[in-house]
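Chains H and E are the protein sequences, given in the same order.
Residue numbering for the first sequence follows UniProt numbering, starting at 1 and increasing by one per position.
Residue numbering for the second sequence follows UniProt numbering, starting at 1 and increasing by one per position.
These are computed hints drawn from the structure, not numbers from a lab.
Among the hints, a few may not be true.
As the list claims (entries may be wrong) - Computed footprint of chain E on chain H; a stretch qualifies when at least three of its residues, placed anywhere within it, have a C-beta under 8 Å from a C-beta of chain E: (1) 102–112; (2) 157–170; (3) 194–208.
Claimed, not checked - Part of the chain H face toward chain E, derived, beta carbon under 7 Å: (4) H173; (5) Y179; (6) L267.
As the list claims (entries may be wrong) - Going by beta-carbon spacing under 8 Å, a handful of chain H positions derived as facing chain E: (7) G83; (8) Q180; (9) N187; (10) L330.
These figures come from a predicted structure and were not determined experimentally.
Cβ coordinates follow ideal geometry from the N, Cα and C atoms, glycine included.
Single-letter residue listing:
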Amino acid sequence: MPTIVPPYLLDRIAESADPRFPLAAEAARRALLRLPPARLPLIVPDAPDQPSALPDAPSQPDRRISDAEGRETLPGRLVRREGERATGDEAVDDAYDGLGDTHRLFDRVFGRDSIDGAGMPLEATVHFGRAYDNAFWDGERMVFGDGDGEIFTGFTDSLSVIGHELAHGVTEHTARLRYQGQSGALNEHVSDAFGALVEQYALGQDATAATWLIGEGIFTDAVQGRALRSMLEPGTAYDDDVLGRDPQPAHMRDYIETREDNGGVHLNSGIPNRAFALAARQIDGFAWESVGRIWYDTLTSGRLGENATFEQFAAETLRQAELRFGPDSLELRAVREGWQEVGVAVEGAQG
Amino acid sequence: MDVFVSRSGGLAGLRLTWHVRVDDQPDADEWILLIEQIPWNEVPPAPPETDRFTWDIRCEPAPFETDVADAAVAPPAADVDAHPPAASASPAPTASSASPDDDGAAADDGGDDASEPRPQSGAGQHDDPLVEPQEATLAERQLTGPWRQLVDRVQTTTEPKREAPRAPRAR
C-alpha cells in the first residue's frame, strides 16, 4: 500500500521522542515497515538484517572525489575527501552527494556497506577529458565527463547515472556478469535498476510516482528527449533530429544482434529494464522494498553464472521472490508477469 | 581511399560514424603516411570496461598489400579464455558479420557512402588484395598512438552522423 507521506518524513516522526505524539510515532514506524504479515520474508538464507525504508538515515561512506582537469588521466587531483565541505565546483559536489545517496541505499536497504560490502572507499573522477560525452566505471572508480554542452550536459547532473556507475562496481563484486551479449545487457540492466532505485530512494518516490528514467537532466535543452533511457517504456526516451530515436527494444522479439557496443549491452538492457519496472508498478509501494530486494538477492545469490542469459536471470529472480515473499505473494506474481510481458520465457519459481 | 570510423557504446549507447574520403583531402599524403603506421594486426587484447566506448576503424581499400591468409583474424587472446573479443583486427567483415557502417552514410557526402556494397572476404575472393579493407575494433583504452591520431584527424575533418545501431539481424 503506497503512502502519500514521504518516508523520510515518516522516519523523523517514527524516531520522534516527543511524548505528545506516541500514536503518530508508532503509526509511522508501522508505515515504514509496510510489510503486512503475509508479505514478510519467509526464508532469507545468509541475508543481512535489512532495515526498511529510511531515506534520510545516515550511512558512513568514504568518498574521494578527484578532478581530471580536462585530461584523460586517472585518478586526477584529489579535491574533496569524506567530511570536507563543498568545493563550489558543481561536478565535484554533485558526485560527492550522489555517491552518498547511492551508498545510503545499499547500506540502509540492502545492508551492504559500499561496493564490496566492506566499506571500500568510493572514488570518483570528474571533469574527465574535454567535452567528454560519457561516464564509466573503470574497475576502481567512477569517471564522469562534462559533456559537450550541445547535446550532453555534465554526467554528474543525474543521480541515476551516478547510481548506475556505482552499481557496476557492486555487480563486479557479486555476480560478475560478463560484459558481452545477454549477460552484458543484464549487467547494464542491473545498473539501471539500482540507479533508478537510488533516485527514488533519495526522493522518497513510490513506483507509481517514479519516472523510471535513467539520465534525466543529462541532455541540454536543445535535445528533444527526456533522458537517456526509459525503463518503463524503452525506445521512447528521446526522438531528436540530431540524436535520432531511442533505439532500445522493449521485448525479446525486437532483441538486437549487433557486434558493436559489446553486443548491444546498452540496447538490449531495455528488455529486462521493462520487466523490472512493470513488476515494481504492479506491486506498487517503494520499489527498493520489493523488486529492489529481489534483484539484490538475485545478484548476491551466488547462483548466477557470469554468462547468465535473460531466462536464467529471470528464473533466479522468481526463485528469490518466492524465498523472500512466499509462493503466493503479489511480488512473485508481479515479477513473473513482468518477464512474461517482455517475452522472456519463465516457468514457476524453482526451489 | 576511404576511412570509416564508428563509435558505439558508452553510457548512452549512441552510435556515431565518420567517413572521410582521403583522396579529397588537401593533405592526402599525410593521411596515407599516418594510416600506414597503424598496426592493423597488432591490436592488443583488453577486457571490455563498463560504459566505455568501442571504436571500429576501417580503411578501404587497404593502404598496403595485405596477406589475407595471415591477417585472417587470429582470435584475440581474450577469446582464448572464452572472453569476448574486446579488441580484434580483421581484413574485412564476413558475410555474416557486417561492417561498422553497413547502414551508415558518408559524413562528407561525396556520393560514395558507407552503405554501398563492399567486397566480401569469403573464400575465393582474394584475387586483388589491394581491395581488401583493413579493419580493427578497439576498446577505448586501446585508442592510442597512430590509432588516436587517425581518429582525431577524422573528427576534426568531418562531423559525425548519429545513427541507429547496426543490427545484422533481429529475432
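Consistency of the hints with the structure:
1. Beta-carbon proximity to chain E at under 8 Å applies to 0 residues in the stretch 102–112 of chain H; the threshold of 3 is not reached and the given coverage is violated.
2. For the stretch 157–170 of chain H, the stated coverage by chain E is satisfied: 4 residues place a CB nearer than 8 Å to a CB of that chain, which reaches the threshold of 3.
3. Interface restraint, the stretch 194–208 of chain H with chain E: violated (0 residues with C-beta to C-beta distance below 8 Å; minimum three).
4. Violation of the interface hint for H:H173 is found here, the shortest Cβ-Cβ separation to chain E being roughly 13 Å, above the 7 Å cut-off.
5. Interface restraint check for H:Y179: the shortest CB-CB distance to chain E comes to about 4 Å, inside 7 Å, so the restraint holds.
6. For H:L267, the interface hint holds, the least distance from its beta-carbon to any beta-carbon of chain E being 6 Å, beneath 7 Å.
7. For H:G83, the interface hint is violated, the least distance from its beta-carbon to any beta-carbon of chain E being 29 Å, above 8 Å.
8. Taking 8 Å as the C-beta cut-off, the interface hint given for H:Q180 holds, the closest approach to chain E being about 4 Å.
9. Checking H:N187 against chain E: minimum C-beta separation of about 7 Å stays under 8 Å; hint holds.
10. Because the closest C-beta pair between H:L330 and chain E is about 32 Å apart, greater than 8 Å, the hint is violated.
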